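There are 2 protein chains.
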Amino acid sequence: MNVDFHLFGRSGQARRGVLRTAHGVVQTPSFMPVGTQGTVKALTPAHLRQLRAQMILANTYHLYLRPGTEVIEAAGGLHRLMAWDGPILTDSGGFQVFSLAPLRKIEEEGVEFQSHIDGSRHFLTPEKVIEIQAVLGSDVRMVLDECPPPDKPKAYLERSVERTTRWAERSLAAHRRQLEAGRPAGLLFGIVQGGVYPDLRQKSLDGLLGLDFPGYAIGGLSVGEKRGAYEEALAFTAPRLPEDRPRYLMGVGTPKDFLLAVAQGIDLFDCVMPTRAARNGAVFTAQGRVPIKRAEFKFDFGPIDESCDCYTCRHFSRAYLRHLFVAKEILGAVLATIHNVRFFLRFMEMIRRSIEEDRFEALIGRYRAWFESPGQEDEEPDG
Amino acid sequence: MNVDFHLFGRSGQARRGVLRTAHGVVQTPSFMPVGTQGTVKALTPAHLRQLRAQMILANTYHLYLRPGTEVIEAAGGLHRLMAWDGPILTDSGGFQVFSLAPLRKIEEEGVEFQSHIDGSRHFLTPEKVIEIQAVLGSDVRMVLDECPPPDKPKAYLERSVERTTRWAERSLAAHRRQLEAGRPAGLLFGIVQGGVYPDLRQKSLDGLLGLDFPGYAIGGLSVGEKRGAYEEALAFTAPRLPEDRPRYLMGVGTPKDFLLAVAQGIDLFDCVMPTRAARNGAVFTAQGRVPIKRAEFKFDFGPIDESCDCYTCRHFSRAYLRHLFVAKEILGAVLATIHNVRFFLRFMEMIRRSIEEDRFEALIGRYRAWFESPGQEDEEPDG
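Chains as they are written, first to last, in this note's numbering: chain A, 4 to 386; chain B, 4 to 386.
Since the hints were derived computationally from the structure, they do not count as laboratory data. Among these hints, one or two may not hold up.
Remember, identical chains collapse to one label, so a pair may be satisfied in a single copy or spanning two.
As the list claims (entries may be wrong) - Calculated lysine-lysine pairs in the BS3-like style (CA-CA distance at most 25 Å, straight line):
hint: 1; residue 1: LYS131; residue 2: LYS301
hint: 2; residue 1: LYS331; residue 2: LYS157
hint: 3; residue 1: LYS331; residue 2: LYS296
hint: 4; residue 1: LYS296; residue 2: LYS259
hint: 5; residue 1: LYS155; residue 2: LYS331
hint: 6; residue 1: LYS259; residue 2: LYS229
hint: 7; residue 1: LYS155; residue 2: LYS301
hint: 8; residue 1: LYS331; residue 2: LYS206
hint: 9; residue 1: LYS259; residue 2: LYS331
hint: 10; residue 1: LYS206; residue 2: LYS259
hint: 11; residue 1: LYS301; residue 2: LYS331
hint: 12; residue 1: LYS229; residue 2: LYS206
Being a predicted model, the structure only gives us computed values, none of them experimental.
Build the full structure now, drawing on both the sequences and the hints.
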């Protein structure tokens, strides 16, 4: 299938590209701020523009349950509803159905689950998930996949990969019917599963690559498996994806993770970390992640990050941010989110420049300390 | 004492003026958004500028306790700390000491109280409150006053008025010493107390007017007394304030209250209502206050208010706002606050124009329905 994706730079395996969508271009590698419920938490679309966000992510499962597909359809699509006219990628909800929703029951036809909001029962099929995303009108859409926890027996994972492949085929057929019917259709991405097992990853790749998706995601990583297993599975899978298609590593991760994954040829990322950490009062700096409520910042009138060009760093001090969080003021979450999202986007801008100038390895070298102190970037629990 | 306040328009008793401060002019009548803890809740200073806020209010009691006077002093003042370069009025904390702080003990020298945050003990005197506001660097400052609840016996209120007058005299002396020492000094306002009793209001006026403050506030109204008593006390007090000084009605109120009080010659207002209501999901429209979570808005894709020029109304629908509040998204509070504050500021702009064009009475007539349905504008509890 066609995808308007052009690679124009390389540095080692790192790729510099541009993905064109109906709502604008995405310079890759790119970080997508997460707007699960149709809002990147605490930010206005005007903020997102100022931060130079490109594509943002929204979640089909969440939006299907609330405000509901019929509301978004009546609004004229998700872009209109949330007043974001840039590109949107929608996750299929596979991950959410298999991690959030209680009492799920997987059948060949689809998956039955209870809403995490009100316990109401729902049945999602691959076709229905494609239909919902067509209503949302997202620019990049994901197939419904099963994302099993990493501690499942291998035999289970194998059956799951086979079913996910069959679901991918049904998704693509449903997507093609929409294209043929003339409905505005985004790019449909397949999702490679298979846990930490090379043979299962290969099995998933074999099934999906034959279907010729416009883009491919790597799913089921960074979901609780060991760090070494994560890195091995990524290193196995990424280079086996087709060269000419965008590659999206789902739900990953930290700036350190970006360096590692871009080095494997990944183009797209999303992660709740910068927005979630911000609401918890943790801000990102070149020295890592810093809890802004620390007493040491009480009289610190410097910005969060001297080198940052965001609204927060240009106007406000660590002391003020600390005050806002200690006093539980909403503005604290807003200003910290502005900074953290900009930090992630700026980090990716730096990665893109380094690839353009073929000095990506040197960039990794500059951040070597990060790789020698594991855990620095680990996520804190939600709070 | 000098005050750079010029009246240049009248319509009945309503006054159109301009107050010059070290951080810019305030066109009166004016509504001041409330930034109790050094932030107008949920808004950035950039938002406040876009909303065309003029003077904002901050609270001496809250800022003294948190982040603490020494932090604000080290920051170079409150304007620098919160990155707001427009005018700031600071309330003295009298109201908070007498309503929030437990275990207060009033003596002639000052008032002892426990922090509502951590129970720590503090002693504030009129002089200390002037000193703290000098550190904050606010443009308009308030004397420490006692704000007794309306159900206190009249004999108590009388003694309280006498003490508040003596405190006002000490405050003014402390303020003059700062002026003489060359410290940048804002305008110090006296506060008329006396509850709902005309003779006590007169006693308070007699004491304060002799002290020649640059401006006068009416305190102790809208603190739980009956509506009729409120209106009588306002009608008694406002016309007895000096013509050539700005008049500030503290903590009031609704758009309806603005009309009534401007008609009595009031120039300045502050109220937490627009910001607090916004966080509770209540938005202001020409039809009154509307809970945006109502089911009827699920498919309502019009703006909160067709006539509103705010960022929220220009970009987002009632359906989206409803979704944000139902999903408990921070952006809901941000967007509703933008609208409500702009609604209040725009209402005051309309009042100013009507005075300039000497048709303020006609404006009141236009909103007559409000005066025939009491309770419409009543405040909801914090939530």
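Against the structure, the hints:
1. LYS131 to LYS301: For LYS131 and LYS301, the Cα distance is within 25 Å only across copies (23 Å; inside one copy 52 Å).
2. LYS331 to LYS157: neither (46 Å within a copy, 39 Å between copies)
3. LYS331 to LYS296: both (11 Å within a copy, 24 Å between copies)
4. LYS296 to LYS259: Close inside one copy (24 Å), not across copies (41 Å); limit 25 Å.
5. LYS155 to LYS331: Answer is neither; intra-copy 41 Å and inter-copy 34 Å both fail.
6. LYS259 to LYS229: So LYS259 and LYS229 pass the 25 Å test inside one copy only (16 Å; across, 63 Å).
7. LYS155 to LYS301: neither (47 Å within a copy, 41 Å between copies)
8. LYS331 to LYS206: neither (50 Å within a copy, 41 Å between copies)
9. LYS259 to LYS331: neither (30 Å within a copy, 31 Å between copies)
10. LYS206 to LYS259: Answer is neither: 29 Å inside a copy and 70 Å across each miss the 25 Å cutoff.
11. LYS301 to LYS331: Within. Shortest intra-copy distance 15 Å satisfies the 25 Å Cα cut-off; inter-copy 30 Å does not.
12. LYS229 to LYS206: within (21 Å within a copy, 77 Å between copies)
The earlier numbered hints that this structure contradicts are 2, 5, 7, 8, 9 and 10.
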